[in-house]
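Please work from the sequences and hints to get the whole structure.
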Amino acid sequence: MKTDIQIAQEATMLPIKEVTAKIGLTEDDLELYGKYKAKISNEYWNKIKDNEDGKLVLVTAINPTPAGEGKTTITVGLGQALGQLNKKAVIALREPSLGPCFGIKGGAAGGGYSQVVPMEDLNLHFTGDFHAITSANNLLAAMLDNHIQQGNVLGIDPNQIVWKRCVDINDRVLRNIIVGLGRKVDGTVREDHFVITVASEIMAILCLADDLADLKERLGKIIVAYTYDGKPVTAKDIQAVGSMAALLKDAIKPNVIQTLEHTIALVHGGPFANIAHGCNSVRATKTALKMADIVVTEAGFGADLGAEKFMDIKCRQAGLKPDCVVLVATVRALKYNGGVPKSELSEENLDALAKGIVNLEKHIENLQKFGVPVVVTLNSFITDTEAEYEYIKKFCEDRGCEFALAQVWEKGGKGGIDLANKVLETLENKESKFKPLYDTKLPIKEKIETVAKEIYGADGVNYSPEAQKAIAKIEDMGYGNLPVCMAKTQYSLSDDKDKLGRPEGFEISIRDVYISAGAGFVVVLTGNVMTMPGLPKHPAAYDIDVTDDGKITGLF
318 MKTDIQIAQE
328 ATMLPIKEVT
338 AKIGLTEDDL
348 ELYGKYKAKI
358 SNEYWNKIKD
368 NEDGKLVLVT
378 AINPTPAGEG
388 KTTITVGLGQ
398 ALGQLNKKAV
408 IALREPSLGP
418 CFGIKGGAAG
428 GGYSQVVPME
438 DLNLHFTGDF
448 HAITSANNLL
458 AAMLDNHIQQ
468 GNVLGIDPNQ
478 IVWKRCVDIN
488 DRVLRNIIVG
498 LGRKVDGTVR
508 EDHFVITVAS
518 EIMAILCLAD
528 DLADLKERLG
538 KIIVAYTYDG
548 KPVTAKDIQA
558 VGSMAALLKD
568 AIKPNVIQTL
578 EHTIALVHGG
588 PFANIAHGCN
598 SVRATKTALK
608 MADIVVTEAG
618 FGADLGAEKF
628 MDIKCRQAGL
638 KPDCVVLVAT
648 VRALKYNGGV
658 PKSELSEENL
668 DALAKGIVNL
678 EKHIENLQKF
688 GVPVVVTLNS
698 FITDTEAEYE
708 YIKKFCEDRG
718 CEFALAQVWE
728 KGGKGGIDLA
738 NKVLETLENK
748 ESKFKPLYDT
758 KLPIKEKIET
768 VAKEIYGADG
778 VNYSPEAQKA
788 IAKIEDMGYG
798 NLPVCMAKTQ
808 YSLSDDKDKL
818 GRPEGFEISI
828 RDVYISAGAG
838 FVVVLTGNVM
848 TMPGLPKHPA
858 AYDIDVTDDG
868 KITGLF
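Add 317 to a position in the sequence shown, counting from 1, and you land on the number used in my numbering.
Worth flagging that the hints you see were computed from the coordinates, not collected in a lab. Treat the hints with caution; some may be incorrect.
Derived EDC-like pairs (lysine to aspartate or glutamate); straight-line CA-CA distance at most 20 Å [as the list claims (entries may be wrong)]: (1) K422 with D793; (2) K319 with D860; (3) K710 with E665; (4) K710 with D756; (5) K672 with E705; (6) K758 with D793; (7) K758 with E792; (8) K405 with E578; (9) K672 with D815; (10) K334 with D345; (11) K752 with E763.
Source: prediction; values computed, not measured.
What follows is the structure, encoded as structure tokens:
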């Protein structure tokens, strides 16, 4: 059986200008990065901005497991299938982070015969967006420390600096560090921290900004520190906005590549859904909606994280309305939720399926709370059985969901025709009555508790003294009317990664809360979720190499 990277490297790609020409873009609308990838120019938006919007389809999933779900694979396969049905469809995805690529999760280009290509470029440096974001983040950090060194006219308290440096690699030793050691000219000695680039507020800002003017306004609102008398200091106060925007002026333009079947894919931005809001850029999504009749996008991790934030943060801020949600599961993952060890998932086990399907059930209920029609799809494996399929199909239909089996990993777009038809039927026959889960005017605690109880199924919420104090300060500063961005483990509906299925009788523990004023949300840290991951005992980096003729191996 061929690996994903073998399939991708053996594929015949078309020049990206030929792929995009099929949907009406000219070479002048593109800024080429070689033959197979490009950015879409600012001028193109002005040409299409008055077009009618297409339909927006969100792909999400149950909680991820070691058994695999394949959300991106389904997204790509569905887009390809719609193309085979002669629909004008475009895919909108996030860019992968280097952290997971060299860590444990691997890349994010899809899989099998439902991939976006060039796969290696996408999973590694791509068009340099993440490098630009990292540079802008660290420029702000350097200018902040320099301001203190050069006289500190703003009266910044070094013990109240909240802006962190970043790097797009899983590097646990950088979570907590000391900077400024050495001579007086080397800066003020203080504790500092790193986050992974995808957790940087600048990543969130880039993904939520409409244009350069909006980007600059949001950058200026970033709170980097507090003065000795407790007043916030912003990036605008540090005079860093113009230089950061200069680094980001190209990064804000959406990237365009192709699938294995030459369907257009806009791949732009990449905030993690367990830390940030987990969606591709607003700019890419809005551009895609003007380009196509149907846009297939995704949100990170399970529906309790990515989909909730897609609805409550991205759609709310950008004025978007999803028309349909595709909820991805696998037989194997459901059995894993039912207590079957990974080594035994290939065996039929309807009892375990019945126990584990409650995870899927909760996600169905959650999505229906947003008023959007739901289609459940199973990403098929050769070890699945007809009895297992029939059990899941009936379970979904009994709960008001359409159901389709997807074989897109094995068959590409052809394997997604049934799913595509179910999506088309849903778009035609079921009206989306989308509404966010909560009113942002509610107090911060009420918004947190709404998500915890309605989406996670918690009995309640407990707050650390630090979180209590932070919430009070945020509301006193006038930021209490922003949506909440919950940072939580992706592996469970609870904040305990080991509680599988549909946990009951638990509370969500809030460790800390902080404001991302430029992004426009309040970040809520639950449990022990980390904003800088670490590498596993056997990182994927061990197995990645490049041959003497420049061919990358081991990337997945």
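Here's how the hints hold up against the structure:
Straight-line distance between C-alpha atoms of K422 and D793 comes to about 40 Å, which puts the hinted pair past the 20 Å bound. The hinted pair formed by K319 and D860 meets the criterion: a straight-line CA distance of about 16 Å does not exceed 20 Å. At most 20 Å may separate the alpha-carbon atoms for a hinted pair to count; K710 and E665 meet this at roughly 16 Å. At roughly 34 Å between alpha-carbon atoms, K710 and D756 are farther apart than 20 Å, so this suggested pair is violated.
For the hint linking K672 to E705, the alpha-carbon distance of about 13 Å falls within 20 Å, and the restraint holds. Distance check on the hinted pair: K758 and D793 sit about 14 Å apart at the alpha-carbon level, within 20 Å; holds. Distance check on the hinted pair: K758 and E792 sit about 11 Å apart at the alpha-carbon level, within 20 Å; holds. In summary, the hint linking K405 to E578 is supported, as the alpha carbons are separated by about 14 Å, within the 20 Å threshold.
Distance restraint check for K672 and D815: the Cα-Cα separation of roughly 16 Å lies within the 20 Å cut-off, and the hinted pair is therefore satisfied. Taking the CA atoms of K334 and D345, the gap is near 10 Å; set against the 20 Å cutoff, the hint holds. The straight-line distance between the Cα atoms of K752 and E763 is roughly 18 Å, inside the 20 Å bound, and the hint therefore holds.
Consistency with the previously given hints fails for numbers 1, 4, ordered from lowest to highest.
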